[in-house]
Amino acid sequence: MKRSRLVSLALILGMLAVWEGYCRVFRIPDFILPTPSEILLTTVTRTGLLAPHAAVTALEIVLGIVLSLLVAIPLAVMMFSHPSVEEALSPFLVASQSIPVFALAPLLVIWLGYGIASKVLMAAIIIFFPITVSLLEGFKNCGAEYVVLFRLMGAGFWTRLRLLYWPWALPYFFAGLKVGVTVATIGAVIGEWVGSQQGLGYLMIQSNARLRVDMVFAAILWLSLMGLGMWKLVNILERKVIRWK
Amino acid sequence: MIASRSADVFAALQTGRIPCRHWREVIALLAVSELSKKFPGLEVLSGFSLTVPRNGFTALVGPSGCGKSTFFDLLTGVVPKDGGRIQWLGEALDHLGGVAAYMQQKDLLLPWLPLLDNALLPVRVGRGGKRQGAGAEKALALFRRLGLEGFEDYIPGKVSGGMRQRCALVRTLMFERELVLLDEPLSALDAITRRSLHAVLLLLQSEFKKTLLMITHDVEEALLLADEIVVLTQAPMRIRERFRLSSIKPRKITDPDLMRMKEHILEELQEESSL
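Chain order of the listed sequences is L and S. Anchor point for the first sequence: position 162 equals 445 in our numbering, and the numbering is continuous, going up by one each time. Anchor point for the second sequence: position 228 equals 293 in our numbering, and the numbering is continuous, going up by one each time.
Everything labelled a hint here was simulated from the structure, so no lab data went into it. Be careful, since some hints might not be right.
Distance condition first, Cα-Cα at most 25 Å in a straight line; then the derived DSS-like pairs of lysine-lysine [stated by the list, open to error]:
id, chain 1, residue 1, chain 2, residue 2
1, S, Lys223, S, Lys203
2, S, Lys223, L, Lys528
3, S, Lys274, L, Lys423
4, S, Lys223, S, Lys274
5, L, Lys523, S, Lys223
6, L, Lys423, S, Lys195
7, S, Lys203, S, Lys274
8, S, Lys171, L, Lys528
9, S, Lys195, L, Lys523
10, L, Lys461, L, Lys515
11, L, Lys461, L, Lys423
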């Protein structure tokens with residue numbers, strides 16, 4: 284194992300040990316702060332309860348990513364091919380990002396119901412901005428001399444998009460996607476908090492109300508593992524697609 | 066004026082072993098007349114005219130910043146011209162975007178495509194982006210001819226600068242265009258690689274019957290390769306002097322005629338630079 288890995292592992296273990304010791308020495312009750320070992324025990328033994336909820340949240344996130352890609356990619360292409368569209372839309376895009384998602388969540392639940400749709404939309408709203416912006420940035424970053432070369436070859440916009448702009452923008456796209464997948468969980472969980480019947484967010488709210496703090500932590504642990512997993516997945520995909528770097 | 070200063074050089078060429086053809090006899094592939102371009106605060110070209118004979122190798126040398134690159138930008142249509150005419154085989158064109166191939170200092174290979182795919186790009190673009198077998202035979206033959214055999218599947222990042230530039234040359238040939246514009250194509254390469262690529266450039270003219278128009282900073286390179294050297298003035302760019310070279314290629318720079326000519330051109334360029 285690499286030295287840096289060892290250091291970060293030691294750091295985590297150290298923190299957990301302090302936490303465990305603090306809870307035991309000062310006899311902190313379970314319903315306020317459970318010990319790490321209790322949380323781990325819950326996480327493992329209650330897999331049967333956690334897994335179905337996690338699956339729902341994961342589905343919401345994945346669908347949210349798909350939806351945001353379906354919007355972000357055509358939008359970035361349109362803004363790139365027509366600068367007037369970019370000028371017209373960018374104030375709205377930026378404004379939409381300054382509205383806290385928390386404020387939108389109750390409305391979306393009213394409009395789209397307690398089902399999965401409102402959560403998917405929440406996740407999509409959060410992700411689509413970094414993806415659109417980074418993809419557009421990638422398109423614009425394409426070397427001017429390459430564009431000239433392609434023009435001399437007689438390539439129209441769509442041919443250039445396919446053979447030049449798109450591959451050129453891929454590293455930017457992946458940078459945006461990586462930011463996207465990690466924050467997507469926030470959207471889905473907030474949606475679940477506001478109103479839902481399943482999902483890790485729902486489980487957290489329910490457990491919190493029953494003072495099952497260990498279960499809240501277990502849900503958080505599952506969530507962060509899911510986020511980590513998706514981050515890894517995108518990284519693997521990136522390395523498969525971008526072989527030239 | 067200037068002509069008198071070069072008279073002795075010309076005399077040397079004409080009385081020498083090699084007879085000098087008269088340039089008017091050669092058919093003009095490209096005729097540029099009265100071309101002008103103004104940028105805010107700078108007149109780059111005003112009434113610039115140049116003819117490029119078919120299958121000839123013309124080299125443009127000039128002080129840096131004289132407007133050579135702008136001239137190429139006008140020719141390729143990257144920058145619109147303010148006035149003047151560009152004639153291709155007697156027919157007026159806005160720019161040469163559809164008829165000329167272009168090669169510059171940067172190889173401009175797409176880093177994600179293997180060398181062969183890079184070379185085939187003009188064919189692929191011509192087919193609306195579809196990857197097809199067409200042209201592959203020709204490209205492979207050119208790869209063999211230019212010493213790239215066995216490297217077809219390498220991506221540009223894995224091969225040397227010289228090989229990348231050779232690949233860019235193959236791509237230029239795959240354009241199937243008669244005129245090739247060269248904008249300091251070899252200036253990023255080391256001396257030895259440059260030397261081996263000189264031979265390749267000459268091949269473009271002799272074997273592939275291309276017409277070459279080259280911008281270069283390297284007077285020696287111009288003397289070794291060109292049939293005609295056009296010395297340019299500081300902006301607004303005009304032709305200061307043009308030289309016909311008709312000695313047989315490949316040439317050696319140690320040729321006394323060439324050495325005298327080199328000295329003369331360098332002097333002229335120095336004069337222009339200090340203006």
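We went through each hint and held it up to the structure:
no.	hint	result
1	S/Lys223 x S/Lys203	holds (23 Å)
2	S/Lys223 x L/Lys528	holds (11 Å)
3	S/Lys274 x L/Lys423	violated (38 Å)
4	S/Lys223 x S/Lys274	violated (31 Å)
5	L/Lys523 x S/Lys223	holds (18 Å)
6	L/Lys423 x S/Lys195	holds (24 Å)
7	S/Lys203 x S/Lys274	holds (16 Å)
8	S/Lys171 x L/Lys528	holds (19 Å)
9	S/Lys195 x L/Lys523	holds (22 Å)
10	L/Lys461 x L/Lys515	holds (9 Å)
11	L/Lys461 x L/Lys423	holds (20 Å)
Of the hints listed earlier, those the structure fails to meet are numbers 3, 4, in rising order.
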